[in-house]
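Visitor: Chains as they are written, first to last, in this note's numbering: chain A, 40 to 487; chain B, 40 to 487; chain C, 40 to 487.
Worth flagging that the hints you see were computed from the coordinates, not collected in a lab. Check the hints yourself; a few may be wrong.
Since copy identity is lost for identical chains, a pair holds within one copy or between any two.
[What the hints assert, rightly or not] In silico DSBU-like links for lysine-lysine, alpha-carbon gap of 35 Å or less:
1) 417 - 142
2) 142 - 485
3) 186 - 485
4) 485 - 310
5) 186 - 297
6) 186 - 310
7) 142 - 186
8) 473 - 142
9) 297 - 142
10) 417 - 473
11) 473 - 186
12) 485 - 473
13) 417 - 297
14) 485 - 297
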Amino acid sequence: MTASINASTTFAPLLVDLLEEIDFDQEGGAAHALVERLYPFCRSITGNGVRRSLRLLRETIPLALPEVVSHTRVFDWTVPDEWNVRDAYIMNEAGERLVDFRKSNLHVLNYSIPVNRTMSLAELRPHLFTIPEAPDWIPYRTSYYQKNWGFCLTQRQLDQFEEEEYHVYIDSTLHPGHLTYGEFRIQGETDDEVLISCHCCHPSLCNDNLSGMAVAARLAALLHGLSLRYSYRFLWIPGTIGSITWLALNEAILPRIKHGLVLSCVGDSGKFTYKRSRRGNAEIDRAVEHVLTHSGHEFQRLDFAPHGYDERQYCSPGINLPVGCFMRTPNGCYPEYHTSADDLSLISPFALGETLAQLLRVIQVLEQNRRYMNLNSKCEPQLGRRGLYRQLGGMQDRNDVEDAMFWVLNFSDGDHDLLDIAVRSGIEFQGISKAAELLREEGLLKLI
Amino acid sequence: MTASINASTTFAPLLVDLLEEIDFDQEGGAAHALVERLYPFCRSITGNGVRRSLRLLRETIPLALPEVVSHTRVFDWTVPDEWNVRDAYIMNEAGERLVDFRKSNLHVLNYSIPVNRTMSLAELRPHLFTIPEAPDWIPYRTSYYQKNWGFCLTQRQLDQFEEEEYHVYIDSTLHPGHLTYGEFRIQGETDDEVLISCHCCHPSLCNDNLSGMAVAARLAALLHGLSLRYSYRFLWIPGTIGSITWLALNEAILPRIKHGLVLSCVGDSGKFTYKRSRRGNAEIDRAVEHVLTHSGHEFQRLDFAPHGYDERQYCSPGINLPVGCFMRTPNGCYPEYHTSADDLSLISPFALGETLAQLLRVIQVLEQNRRYMNLNSKCEPQLGRRGLYRQLGGMQDRNDVEDAMFWVLNFSDGDHDLLDIAVRSGIEFQGISKAAELLREEGLLKLI
Amino acid sequence: MTASINASTTFAPLLVDLLEEIDFDQEGGAAHALVERLYPFCRSITGNGVRRSLRLLRETIPLALPEVVSHTRVFDWTVPDEWNVRDAYIMNEAGERLVDFRKSNLHVLNYSIPVNRTMSLAELRPHLFTIPEAPDWIPYRTSYYQKNWGFCLTQRQLDQFEEEEYHVYIDSTLHPGHLTYGEFRIQGETDDEVLISCHCCHPSLCNDNLSGMAVAARLAALLHGLSLRYSYRFLWIPGTIGSITWLALNEAILPRIKHGLVLSCVGDSGKFTYKRSRRGNAEIDRAVEHVLTHSGHEFQRLDFAPHGYDERQYCSPGINLPVGCFMRTPNGCYPEYHTSADDLSLISPFALGETLAQLLRVIQVLEQNRRYMNLNSKCEPQLGRRGLYRQLGGMQDRNDVEDAMFWVLNFSDGDHDLLDIAVRSGIEFQGISKAAELLREEGLLKLI
């Protein structure tokens with residue numbers, strides 16, 4: 040079911056070279072174009088909308104579309120019936136469609152059962168959802184596991200409803216079918232994996248989470264074909280039920296997942312937010328925080344908490360994978376969250392490109408982070424006779440490369456990896472990594 | 040010697056119900072009434088004053104009054120002779136009582152030997168104690184273990200002394216007798232104990248420590264008859280020698296003491312102060328700090344230091360019990376400390392009631408704090424089908440009960456008790472505890 | 040090779056007495072006088088300048104001058120040829136010495152090979168070093184391991200050079216000989232050692248590091264003859280190659296080194312700086328920080344970093360001794376660093392005396408820091424009957440000595456040494472140490 044592509048051919052390009060060449064504005068533009076095309080589809084946790092969305096991603100990367108049959112038991116949950124909707128409206132006595140699914144996917148309560156009846160406003164009223172304090176926005180509401188039907192509309196629309204009879208019509212189906220998700224795996228030199236996961240179940244909402252879906256696709260496309268140490272697994276899955284399903288069906292794989300990120304809300308103009316894995320000090324946590332610290336961007340760190348996105352499942356106590364959540368403005372922290380105002384105007388190619396840049400730098404840290412042993416640990420080795428140290432002594436200024444070499448030598452004692460040394464020294468990881476490479480080439484370090 | 044009452048009858052009321060019904064103003068009033076009645080007695084570390092004080096507490100709870108015979112060896116100390124005083128004065132040549140024990144218990148140096156002599160002011164002077172910087176206040180001074188006699192008086196009194204002969208009279212006795220203390224024990228479901236200790240040796244000083252004596256008595260009365268998990272042991276003991284005596288005679292009990300508090304200076308209007316146990320992070324320390332954090336009151340935390348009250352003995356290195364000290368304004372930090380100005384005007388029913396409220400909440404945390412194991416630790420359990428989760432999805436606001444359930448589920452991994460989870464989540468303990476109860480009833484948690 | 044003097048004779052004076060008598064201004068004056076005499080010599084990492092400098096220190100203490108033959112392998116390094124220089128100049132066509140070694144030792148690139156040629160300014164130019172931003176100062180430059188020659192001069196001198204032929208003359212030799220260092224050891228009661236190390240290789244630079252050399256000599260002279268617990272080893276060694284050489288030749292001694300300090304830049308008027316050992320929380324680190332905290336001086340703490348002085352070698356991962364670096368303004372942090380402006384005007388007797396005072400107090404802490412066990416750990420012992428506690432009770436103020444005794448008693452549990460207790464209590468170490476001595480004399484503590 041998984042698309043697997045072996046990237047470790049002899050002539051595969053390197054991530055370090057990619058990072059020097061890449062035009063992140065252009066990459067952000069490509070991600071934004073994907074969002075624009077995905078925006079009109081009516082997605083849910085199952086059904087043709089999500090299926091069609093994932094197929095569109097195949098233009099970018101050859102992902103697999105595994106399908107899990109309805110009613111499959113997945114840990115404590117059961118895969119629900121597949122939901123599809125074709126049309127829906129509320130029509131007044133004059134035959135006007137006051138609320139019309141064809142105008143916004145959000146108008147239908149997600150997972151509504153079919154309905155085709157005439158009723159009074161009083162009877163209809165409990166099935167209408169608005170946001171009184173944002174009267175021009177349609178809310179996004181769902182009822183996956185409790186059979187219900189309803190309409191989401193603007194408060195201004197609701198204010199025009201009068202006491203009359205309404206024809207209420209939802210042409211939906213809830214039948215045994217499948218839960219569909221997207222999976223793409225890049226084989227690296229080792230079977231150790233980095234997991235990138237995003238939820239793909241929200242209908243026309245851009246930041247949450249077409250941004251994550253598009254960035255994951257572009258990231259996969261950029262890594263695909265590179266020479267990589269880790270294997271990379273990308274998942275586009277319906278929120279909660281999707282990650283639970285994947286985890287339940289792939290338990291054997293979990294020990295191989297060494298690092299992971301959930302991507303969501305990565306297209307708005309807010310500062311970056313990193314929510315740590317449940318472990319709190321995993322390598323992925325240190326890597327993301329190091330990269331963001333040196334990014335020149337302000338960012339916020341959050342400790343793990345059991346609310347948010349699929350990190351809730353990846354970090355449940357019996358799974359406890361080192362998976363953090365990479366965001367810009369977090370869920371619930373911007374006013375347009377889960378409303379029709381989370382539209383194309385909320386995100387930008389520039390912001391998507393910036394996100395991609397940080398993610399690639401995090402991956403570069405993971406790829407290059409190693410633990411070395413100083414083979415010459417009694418006093419400093421003489422770097423000068425190896426051409427690694429300045430010829431002239433006495434200068435006041437410190438040389439960055441020399442400085443990094445001394446940090447690597449002093450702390451390559453078996454207890455510290457390069458990322459530890461970068462954090463301790465305050466030197467950006469690439470400087471530490473290059474210093475280690477110079478020292479290794481001279482036979483002064485041994486990989487452990 | 041110990042009054043023991045079994046509280047775990049089938050129909051015993053619960054602390055949680057008590058906390059909902061209780062009127063803390065009324066409770067504070069009852070404590071204050073106790074202080075008013077105890078105020079006139081001349082207490083010391085032994086003698087009839089303390090005996091009479093403890094007997095008065097028997098109107099509130101049926102405490103036992105163990106008596107330890109003078110000269111008993113208790114660790115490095117020896118129980119001293121019993122001291123009693125009937126009258127004392129300094130009379131001038133004109134026959135006026137310039138200093139008169141009948142006007143204040145503080146006028147006699149506590150543990151003064153008897154004296155009945157005429158002497159010059161020069162000879163008398165070294166036996167007179169005042170506070171020059173607070174000329175209207177009588178100091179409180181003691182000389183328990185060094186035979187001495189003296190008078191404490193106001194500076195204004197002393198200023199009126201002239202060069203003449205004085206008749207100095209102290210009608211006291213120091214004879215073999217007993218050291219008396221009060222002890223009251225409530226048997227809970229288990230023999231594990233919570234210790235509440237206060238010193239009862241100070242004469243007419245209200246905040247230090249009639250406040251602690253009265254609050255302990257009211258607390259015992261409130262807990263008495265409840266259905267409790269822990270057993271509760273209350274001690275009213277003379278400072279230092281009392282706790283040393285009790286510890287020396289009850290070493291076999293010490294392993295059962297799981298938590299403890301020393302109560303002192305709990306009736307003034309200052310903010311709460313919690314001095315941690317020597318362990319620093321004992322459950323009692325975390326419980327008190329959690330309750331005070333959520334109390335809406337400002338409070339200060341102090342690390343353990345080997346000065347203060349009987350926590351010095353409970354936290355001596357060879358005893359090292361998890362006993363903290365609960366105060367409002369600490370000893371030495373208010374100007375009226377150890378003077379006649381620590382009188383009824385310094386304390387209030389309201390402050391005593393607030394103290395009682397915090398202590399009961401701390402006890403509620405101890406009673407309910409448990410460690411559970413999530414029985415469904417791989418991904419979240421589906422709370423919705425158990426009726427534990429909202430029916431409609433997509434809302435921005437988080438539901439407090441749901442939030443608490445997710446915290447309990449995620450951190451009930453064997454390493455965290457409910458108090459840990461409350462502290463980590465920032466949710467008040469009762470919310471966490473109720474969530475755990477809901478989850479346990481659904482079979483999702485197991486007590487460990 | 041090592042001068043060893045046994046200080047533990049019966050009548051040897053005590054450090055504590057020395058500290059009460061010492062006049063630190065006078066001591067600073069003596070150190071300054073040493074610097075003045077050492078200033079004119081042209082030192083390098085080998086050669087007669089350093090040899091002559093160390094011989095001059097013999098007027099202060101009878102140090103040994105071990106010599107290590109050129110080309111000896113020391114870990115990854117090789118002892119270089121010995122360098123000596125007699126004269127050097129740049130003469131213009133008019134026969135004027137534009138740059139003249141006789142005016143400043145800094146004018147010659149340290150370790151210059153001999154040269155005696157006539158050349159154009161263009162050919163000469165790459166061999167001339169100035170500091171354009173400090174046009175009146177001569178830089179200090181070296182080329183120990185890369186054969187080169189050159190002159191260091193002021194920018195103003197260089198500005199007067201015209202396009203003409205120059206006679207360039209350096210009368211130096213680079214021949215097999217010796218690396219010379221100074222070593223002085225004081226035998227204490229135990230063979231456990233405190234290492235004091237300073238680099239002695241810089242030519243006419245006062246703060247870096249004639250200050251360290253002179254302070255180390257005075258410190259040795261002050262300790263010499265005292266009754267000491269530790270043995271003390273003082274090293275005056277050429278930077279880098281000297282410490283590497285000493286470590287390579289004395290590996291068997293290293294397990295005995297319990298504490299150490301590198302001294303450098305200790306004569307300027309800047310605040311104290313302590314750079315921690317690589318271990319970060321070694322006893323020497325805690326001792327220095329405690330002394331400086333109570334010194335009344337502002338000071339800065341730096342974590343270990345693998346740049347600086349010989350602590351780089353002592354704290355290399357395979358050596359990892361508990362050696363910190365004691366400085367005033369650190370290397371590179373004052374503008375005169377490694378220039379001719381690091382002259383006698385930069386340092387003062389007063390600053391050198393202050394440094395000596397702090398170092399002696401640190402040594403006093405090391406000498407007196409012990410771990411005791413409270414022999415009466417169940418409750419407090421009764422200090423009153425031993426005459427260790429005030430006779431009169433009830434006073435508000437705490438007595439410093441009593442306070443210190445209670446801290447020592449409570450934390451002498453096997454886990455804390457006296458320095459730990461001083462840090463925890465906030466009481467200056469001497470107070471804690473005196474309290475421990477009182478308690479030990481009373482049989483309440485046992486040395487462990």
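Visitor: Run every hint past the structure and note whether it holds.
Guide: Against the structure, the hints come out as follows:
1. Taking the shortest alpha-carbon separations for residue 417 and residue 142, neither the intra-copy value of 73 Å nor the inter-copy value of 40 Å comes in at or below 35 Å.
2. Taking the shortest Cα distances, residue 142 and residue 485 never come within 35 Å of each other, neither inside one copy (63 Å) nor across copies (50 Å).
3. With identical chains, the CA atoms of residue 186 and residue 485 are at most 35 Å apart between copies only, with a shortest distance of 31 Å across copies and 61 Å within one.
4. Taking the closest pair of Cα atoms, residue 485 and residue 310 never come within 35 Å of each other, the shortest separation being 39 Å inside a single copy and 42 Å across copies.
5. Taking the shortest Cα distances, residue 186 and residue 297 never come within 35 Å of each other, neither inside one copy (39 Å) nor across copies (50 Å).
6. For a Cα distance limit of 35 Å, the shortest separation of residue 186 from residue 310 qualifies neither inside one copy, at 39 Å, nor across copies, at 53 Å.
7. In this assembly of identical chains, residue 142 and residue 186 lie within 35 Å of each other by CA distance solely inside one copy; the values are 24 Å within and 81 Å between copies.
8. In the homo-oligomer, the alpha carbons of residue 473 and residue 142 never lie at most 35 Å apart, since the shortest distance is 55 Å inside one protomer and 44 Å across protomers.
9. Taking the closest pair of Cα atoms, residue 297 and residue 142 never come within 35 Å of each other, the shortest separation being 44 Å inside a single copy and 65 Å across copies.
10. Proximity of residue 417 to residue 473 under the C-alpha cut-off of 35 Å is restricted to the intra-copy arrangement: shortest distance 22 Å within a copy versus 41 Å between copies.
11. For the identical chains of this complex, residue 473 and residue 186 are inter-copy neighbours only, at 28 Å across copies versus 58 Å inside a copy, given an alpha-carbon limit of 35 Å.
12. Taking identical chains as interchangeable, the C-alpha atoms of residue 485 and residue 473 lie at most 35 Å apart only when both belong to the same chain, with a minimum of 15 Å there against 51 Å between chains.
13. Taking the shortest Cα distances, residue 417 and residue 297 sit within 35 Å of each other both inside one copy (33 Å) and across copies (18 Å).
14. Within a single copy, residue 485 and residue 297 get their C-alpha atoms as close as 22 Å, and across copies as close as 30 Å, so both meet the 35 Å cut-off.
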